[in-house]
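So the sequences go chain by chain: A and B. Taken in order, the first sequence gives residues 1 to 114; the numbers are from the working numbering. Taken in order, the second sequence gives residues 1001 to 1115; the numbers are from the working numbering.
Because the hints were derived from the structure by calculation, they are not lab data. Even glycine gets a Cβ: it sits at the ideal position worked out from N, Cα and C. Each hint should be verified, as a subset may be incorrect.
Selected chain B positions facing chain A (in silico; Cβ < 10 angstroms) [claimed, not checked]:
#	residue
1	1010
2	1016
3	1022
4	1024
5	1028
6	1041
7	1053
8	1064
9	1107
10	1109
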Amino acid sequence: AQSVSQHNHHVILSEAASLELGCNYSYGGTVNLFWYVQYPGQHLQLLLKYFSGDPLVKGIKGFEAEFIKSKFSFNLRKPSVQWSDTAEYFCAVNAGGSARQLTFGSGTQLTVLP
Amino acid sequence: NAGVTQTPKFRVLKTGQSMTLLCAQDMNHEYMYWYRQDPGMGLRLIHYSVGEGTTAKGEVPDGYNVSRLKKQNFLLGLESAAPSQTSVYFCASSEGVLGETGELFFGEGSRLTVL
C-alpha cells in the first residue's frame, strides 16, 4: 500500500516569504498526485493535481507543485505567501487509477504572519 | 447547489451509544467516501461506495458500518461508540474514478466526541 509523508507539521512564515512544503510518497508504479487545502472553518478543497505531462503543475491562488519521479516527491511552492494562505495543506496520492486509494499525508499547518 | 452536506455538525456521545452520520450530495456523483481526520494523522479512509447499493472497506473500517441505499446519500453508523472514535468525520464524493478525475468534493465535517 502506498504512503505519503509530509515532514513539515507546522510552518510559520511572514507575508511575502517564499513557501515550499515537502511531500514524498512510496509507490513504485504510476501515480496521480494532489494537494488539498483546508482554510480555517472550511472544508477541504483541491489546490492542484498532477496526472501526466509537464511535471510542473500550476494551481489556484498562485500555487504550483513539481513532480520529481526520481525522488518520489511532489513539493508545493508559492513565491510569495499572503496572510490569507494560512491553512492546512494535505498532499495525497492515488496509485494506479484505483477509485479507492486516495491516500493523504498527515498535513502541514501553514501560518502566515501579517 | 449545496454540494456535499453532512449532518449533524457536532455530536457528543457516551461510550456504548450508537449514532448515524448522514451525508448527502446533489451533484449526482457515483462515488462517495467517509474519512476521519485526527491530529497528526491526516485523513484516513473508513468506507467508500462506488455506486448505489455498494459499499467497501477502507483503511480503518472497524467499529463502523455504512449504507448507500440511495445514490445521493451515504450513511456512516457507529453501533457502539468508543472514545477512540472521537474525531472529525468528512464525507466526500467524486464524479468518477479518482484515477480519471482526481477531485474529491468534501463536506464541512462532523465533529464527534465520545466520552
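### Query
Given residue 1064 (chain B) was flagged as interface, is its beta-carbon under 10 angstroms from a beta-carbon of chain A?
Interface hint status for residue 1064 (chain B): violated (15 angstroms vs cutoff 10 angstroms).
#### Entry: Interface hint status, residue 1016 (chain B) versus chain A (Cβ within 10 angstroms)
violated, 30 angstroms
### Query
Per the CB criterion, is residue 1010 (chain B) less than 10 angstroms away from chain A?
violated, 13 angstroms
### Message
Quick check on the hint: residue 1109 (chain B) CB to chain A CB, less than 10 angstroms?
### Response
Status holds, d = 6 angstroms.
### Message
Given residue 1028 (chain B) as an interface hint, is its Cβ closer than 10 angstroms to any Cβ of chain A?
### Response
violated, 17 angstroms
### Query
Was the hint right that residue 1041 (chain B) lines chain A, CB cutoff 10 angstroms?
Nearest chain A Cβ about 6 angstroms off; hint holds.
### Task
Verify the interface restraint on residue 1024 (chain B): the C-beta must sit less than 10 angstroms from at least one C-beta of chain A.
Hint violated; residue 1024 (chain B) Cβ to chain A Cβ min 14 angstroms, cut 10 angstroms.
### Query
Is the hint on residue 1053 (chain B) kept, meaning its closest Cβ partner in chain A is under 10 angstroms away?
Since chain A brings no Cβ nearer than about 16 angstroms to residue 1053 (chain B), farther than 10 angstroms, the hint is violated.
### Message
Can you verify the interface hint for residue 1022 (chain B): is its Cβ closer than 10 angstroms to any Cβ in chain A?
### Response
violated, 16 angstroms
### Query
Does residue 1107 (chain B) pass the interface hint, meaning its C-beta sits closer than 10 angstroms to a C-beta of chain A?
holds, 6 angstroms
The structure shown violates the earlier hints numbered 1, 2, 3, 4, 5, 7 and 8.
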